[in-house]
Each structure stands twice: as structure tokens, then as C-alpha cells.
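Asks: Following the hints, put chain W with the ligand in place on chain F, whose structure we already have.
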Amino acid sequence: MLTLYIIMGSTELKKIDINKVRSDFPILKREVNGKPLVYLDNGATTQKPKQVIDAIIHYYEEMNSNVHRGVHYLSQISTDAFEVTRRKVKEFINAEHEHEVIITKGTTESINIIASCYGRAFIGKDDEIIISAMEHHSNIVPWQMLCDEKGCKLRIIPMTAEGDLDVETYKTLFSERTKLVSFTYVSNALGTINPVKEMIAIAHQHEVPVLLDGAQAVQHLKVDVQELNVDFFAFSGHKMYGPTGVGVLYGKENFLNNMPPYQGGGDMIKEVTLEKTTYNELPFKFEAGTPNIEAGIALANAIDYINELGLEAIKRHEDELLAYAIQELSKVKSIRFIGTAKEKSSVISFLIDGTHPYDIGVILDKLGIAVRTGHHCAQPVMDQFGIPGTVRASLAVYNTKEDVDVLVAGLNRAADMLL
Amino acid sequence: MTINEKQDELIEDFAFYTDWMEKYEYIIQLGKELPLIHDSYKTEEYIIKGCQSRVWLYPNMNEGKIDFTADSDAIITKGLVSLMVKVLSGHTPKEIASADLYFIDKIGLKEHLSPTRANGLLSMVKQMKLYAIALSA
Ligand SMILES: Cc1ncc(COP(=O)(O)O)c(C=O)c1O
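Residue numbers (this note's numbering), protein chains in the order written: chain F, -18 to 400; chain W, 20 to 156.
Quick caveat, the hints were computed from the structure, so don't treat them as lab data.
Careful, some of the hints might be misleading.
[Stated by the list, open to error] One-sided excerpt, in silico: chain W residues whose CB lies under 7 Å from chain F:
hint, residue
1, TRP39
2, ASP92
3, ILE94
None of the values given here were measured: they were computed from a predicted structure.
We put the beta carbon where it would ideally sit given N, CA and C, even for glycine.
In isolation and in its complexed conformation, chain F is listed as follows (with noise of 0.2 Å):
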């Protein structure tokens, strides 16, 4: 089996059955006011396929024990499932250790993790981090908070108006109090794919760590974090298939050995007296309590179902679907799009001009065709452009060409109608 699949991995690239991929996802089988649904809201959640949602029904229905705690069966078959999540996402992100891999409620705690325990430990008064001006708010507001709490400062790396990450600008912002870097992989208003092995490396000739959001990489692009040399890596189960509640935060394990725990509670002591408390290691120091435990079982469903159809052959469909829609939404009347960088992944932003994009979307609703509208948590981004915000379609691998044409043809009558 296993020596067929790296034969077959290694001579020729798998194609995506489209048919058989529509056919996982129960959901798309569905109708919104009263027209079959074309699901075009991937950035904001993914739909699931039912080898994830299975894997849910199952944990509650042979599994269900709480992980790490119990001698009995269940708690022990629970735990085991929980755990070879970890060692999934491991491999996956080609992690060096599974300790490494720290289990969250998704990309927003993995963040505020880095933020609360490296910042607490190592940012002081005056110290500064630098974000760029393409960050998800939960890539600022932590750090906002941080340096009100602590009198530290953040540094911005500009964006150019294709929205690309100005690197060179970015090369100059380092002095020697810049304790931290963070910015996202790929963006999620626009599309972005930044260049991060550059700019992870350009970090660390200063000898300072750094963050990458991975929200809206992985689900498209295949990460090795060891090749990245990234020291800690933030991403959501839920935007790749996987279940809402449970992400990732990797990080570097002499990072996070030095860094003092996030939340107390249970599960991430080794011991407690009532004047002492010894911490448990990792990866569990950054795991009190009880986590989603359906949701991180099912992650691995969700990492399977992408190993089996293979990121490669997912990003070539990916590609060709958003060369295909952005040469079919250039001819929509009025259509200006924002974000037209270099690299760009499955995200299409755009305005009708002399329409708001809140019209759009309650449009396109009627249509059946769901799309997100607004400033997509990316509230700079929108005020660097001088927008209120913009209509987001985002694809993902069920996503076809027929979605693309529907899209089209709905934004045609919107215009009709509002123009």
C-alpha cells in the first residue's frame, strides 16, 4: 500500500475527481432559498467533508471519555485518537518533534498564546514587534494589547497598492530592541502569498524569532515549518476541512520551554500543593483544561482527506479555478478588483463600482451564492484602499467552474439591479 502511494505520488501528480470530491461534502447537496448552494465563503469556514463529520458522530458514540485523565478503556482509546491528531499535524507541517504541537481552539488562542506567554516573558517597555499592514485583526489586536499592557511598540511593513508586502521597507524596520515578528502566510482580504522563507530568513540575520499565520496557508499550500526555519506557526482545523474549535500552534521546543505557561488548570501541571505548582512539559503545559476533544480527533480525519487527494493537486485545481474566475469576473461590468498580487492564493476580492458590497452579497443570498461582503476582520487593509470593504469569493478544492459561471451571471443581475 504504502509503497503504491509514493509510487504514485512521485511519477505522476493525482487529479482531483470533482465528482467524487462534490460527493463528500453532504452539505453542497443542499438548496438556500431555493436554489442549490454555491459555497464561496472558504476563507471565512470551510465545509466538511463526511469523513470528518463521521469521525465527530463516532467519538460520541464509541469514544466519548475525557483525554489524559483515566485508566479506562474509553479514556484511553479517546487520548490515543487525540494524540495521533498530534502526531498528524506533525507530519503534516513536518514538524521536528510532536511536542512541538500544541493543540488550540484555532488560530486567534494560537496567537494570543505567543502573544500573553512570549510577550510576557520576553517583550518589555519599549521593545518593539513588527506586523504588517495585511494582518487579520487577530494578528493586531493581541499585539495592540501587549503594548498597552507592557509600553512596547509595533512597526508596520507597508503594503504596495497591488498588495504586496514591501520587503524592502520591511529590512529596514529592525533595531536591536525588535523582539518579535508576525505576519500572516497568505492574506485573507486579498489573497496574498508573501514571500516567507525571505522574510523568516531576514528576521533571524537580526536574530529575531518569528510568527507566520498560517489561517489561509495550509489548507492550500504545503508547509514544512523545519524548511521555513519558522519558530512558531498558528492555524485553524476549521478552514481546512476540519471541524470549528480546535487549531494548531507549533512552535520551536527550546521557544516554548522557555516560555511560561498560557492558562492554569488541569492537564498542565505536573504537580500542585497549595504553594506550589511544578508545570507539566510540553506539550501539555499549553493545554489546561479539557479541550474540544471531538474536534481534535476529527482534525485528523480532515488532514487525512487533504493527504488523500494531495495539496498539489489541490492547489493545481485551486490555480486553475482562480485563473479561470478572474478572467470570468474581469468581464462584469464595473468589477475593479482589490489585491492583484504577484502570488496570489484562492481568494478574489472585489467592488462593483457605484455599488456597496453589502448590496452584492444580499444578492447574490437570494441566488443561493454565498460570499462574505465588509472588511474581513482586515479593517486596515480596507482603510489603505479607501474602501468600506469588498465582496470576498474564496474557492476551495469542491469548488468548480459551473460555481465560477453561477457567480458570474449573479453579479451581472446585482449590477442590473442596483446600477
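Replies: Relative to chain F, chain W with the ligand alone:
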């Protein structure tokens, strides 16, 4: 006309439109009839929070009755504002504060009234009533 008579009239108007598109086209049309707020009131003070699109609303007390002027940067939102303004303008603060706005449900726009909706219709209704209460004091 009383607030309820106006509501009933709108319910009748909307009964003509069976298809959602016609309904929305009518709402867009109503947006064009909205008495526009004076530019000098398009400020932070008169903006309604909780809308994905921006809405400004200004109450003007005239001989014991409130006339609303408003605007929005989104056309459909503007239509929804226009509906509310049509129903509530020209009434006393007391009538406005105690109005039961059943027509929204009847014309099939109830989905827009949920507190989690991004259009802020609910915030708009609340704000109109708050103005009425404030102006009746
Ligand atoms: C780039 C980016 N970072 C962080 C987040 C936050 O992820 P979550 O809400 O799953 O914690 C998102 C989600 O929209 C995102 O797109």
C-alpha cells in the same frame, strides 16, 4: 394616516410582488424616495452602529411630531431605512415609541430584523424609538 394604516398599506403594496427580485427592486426604488439627511448631520453623532453599511439618521421635531431624514451608502439598506422612515415619520414621539412594527414580518423582511444581521435594521428601529423617547421628555 396612523402608523398602522401605513403599515397595512405597505403590506398591500408588497403583496403584489411574489418574486424576491421584484421585492428587492421595489425596496431599491423606495431607497430613492428616502428624504435625505442634510450633509451637515452626516457625522459620527448620527451614525447608527451595528451596520455593515453605514446609516445616518436625523430626527427633526416639528410641531410635536418627528420627521426623520436619513441616508446609507448601501442601496438596499437605504430602501429598508426608507420603509421605516415612511412608517414612523410625521408621528408624535409617544406614537413612535409605542409602535408595534408588525409589517416587517408580514412583507417577508423579518430575516433583516434579527440582531445578528449585518444591515442593522434592528439598531435602526431601536434608535428611532430612542430618539422618540428622548424627544418626548
Ligand atoms: C489570516 C487569518 N488569521 C487569523 C484568522 C482567525 O482564525 P480563527 O477565527 O479560526 O481563530 C483568520 C480567520 O478568518 C484568518 O483568515
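Asks: Going back to the hint list, which numbers does this structure go against?
Replies: none
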